[in-house]
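Undergrad: Input sequences plus hints: build the corresponding full structure.
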Amino acid sequence: AQKVTQAQTEISVVEKEDVTLDCVYETRDTTYYLFWYKQPPSGELVFLIRRNSFDEQNEISGRYSWNFQKSTSSFNFTITASQVVDSAVYFCALSGGSNYKLTFGKGTLLTVNP
Amino acid sequence: ETGVTQTPRHLVMGMTNKKSLKCEQHLGHNAMYWYKQSAKKPLELMFVYNFKEQTENNSVPSRFSPECPNSSHLFLHLHTLQPEDSALYLCASSQDERGEGWETQYFGPGTRLLVL
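Going line by line, the protein sequences match chains A and B. When the letters of the first sequence are read in order and numbered with the numbering used here, they come out as residues 1 to 114. When the letters of the second sequence are read in order and numbered with the numbering used here, they come out as residues 1 to 116.
Rather than coming from a laboratory, the hints here were simulated on the basis of the structure. Fair warning: this is a prediction, and the values are worked out from it, not measured in the lab. Heads up, some of the hints might be wrong.
Residues from chain B that keep clear of chain A, each with C-beta distances beyond 10 Å, as calculated [stated by the list, open to error]: (1) N30; (2) E53; (3) E67; (4) T80; (5) E84.
Footprint (simulated), chain A over chain B, 3 or more residues, beta carbon under 8 Å [said to hold, decoys possible]: (6) 16 to 29; (7) 42 to 51.
Each residue gets a CB set at the ideal place from its N, CA and C atoms; glycine is no exception.
TA: Okay, here's the thing in structure tokens:
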């Protein structure tokens, strides 16, 4: 069975602070994919990144960076110099096996205060 | 981003009503999905269509009836719903020619449904 745990239910920071959102996953598949999505108050899930299990290189995209560590089954997401527009619910998700199933974590509500 | 559109954005219906949710994707994808997002619950996959064929029905009650006339359009027909069906219903699509289910899913803005 697959499982994604986002232990942080809510995080509140002040603008310009760095913030890391944690994601821990469980799977028996040797090949799998990890995702992060952002859900602003409007409701739409916005795709941020997709990573396969064979690529442990960290990724940076502007103020966003991701740290994938198979040894600890973690795929953490860091926002550098946070902005008010980063306020949203962030979901980590896992896909493995041939069943179309994206297993989502419960999400982390990030509030960035001015 | 208007890759996946959903209408209506908000819907209020009584338990005896019949309504339909519509989803359209403009990304040339072949797989489409319905998800349900309830308060304080993880996203739940409801249905999957690949090349217009239903490939997954995640034990969804029969009062929800999906329809996929072509690879670009997906409907969710609703009838005799219950108040606990109130939720955000999200549509997604992906390019999944090999049917492996690993491709990135792109989501629409959702329909907020309230059942009275």
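Undergrad: Against chain A, does E53 (chain B) keep a CB gap of more than 10 Å to every residue?
TA: The assertion about E53 (chain B) holds, with a minimum of 12 Å to chain A.
Undergrad: Examine the stretch 42 to 51 of chain B: at least three residues should have C-beta closer than 8 Å to a C-beta of chain A.
TA: holds (count 5)
Undergrad: Are all beta-carbon distances from E84 (chain B) to chain A longer than 10 Å?
TA: holds, 19 Å
Undergrad: Please confirm whether E67 (chain B) is truly not at the interface, meaning its C-beta sits more than 10 Å away from all C-beta atoms of chain A.
TA: The assertion about E67 (chain B) holds, with a minimum of 18 Å to chain A.
Undergrad: Is the nearest CB of chain A more than 10 Å from the CB of T80 (chain B)?
TA: Given a closest Cβ separation of 25 Å, the condition holds.
Undergrad: Any Cβ of chain A at or closer than 10 Å to N30 (chain B), or is the non-interface label fine?
TA: The claim stands: N30 (chain B) keeps its Cβ more than 10 Å from every Cβ of chain A (closest is about 12 Å).
Undergrad: For the stretch 16 to 29 of chain B, do three or more residues have a beta carbon lying closer than 8 Å to a beta carbon of chain A?
TA: violated (count 0)
Of the numbered hints listed earlier, the single one contradicted by the structure is hint 6.
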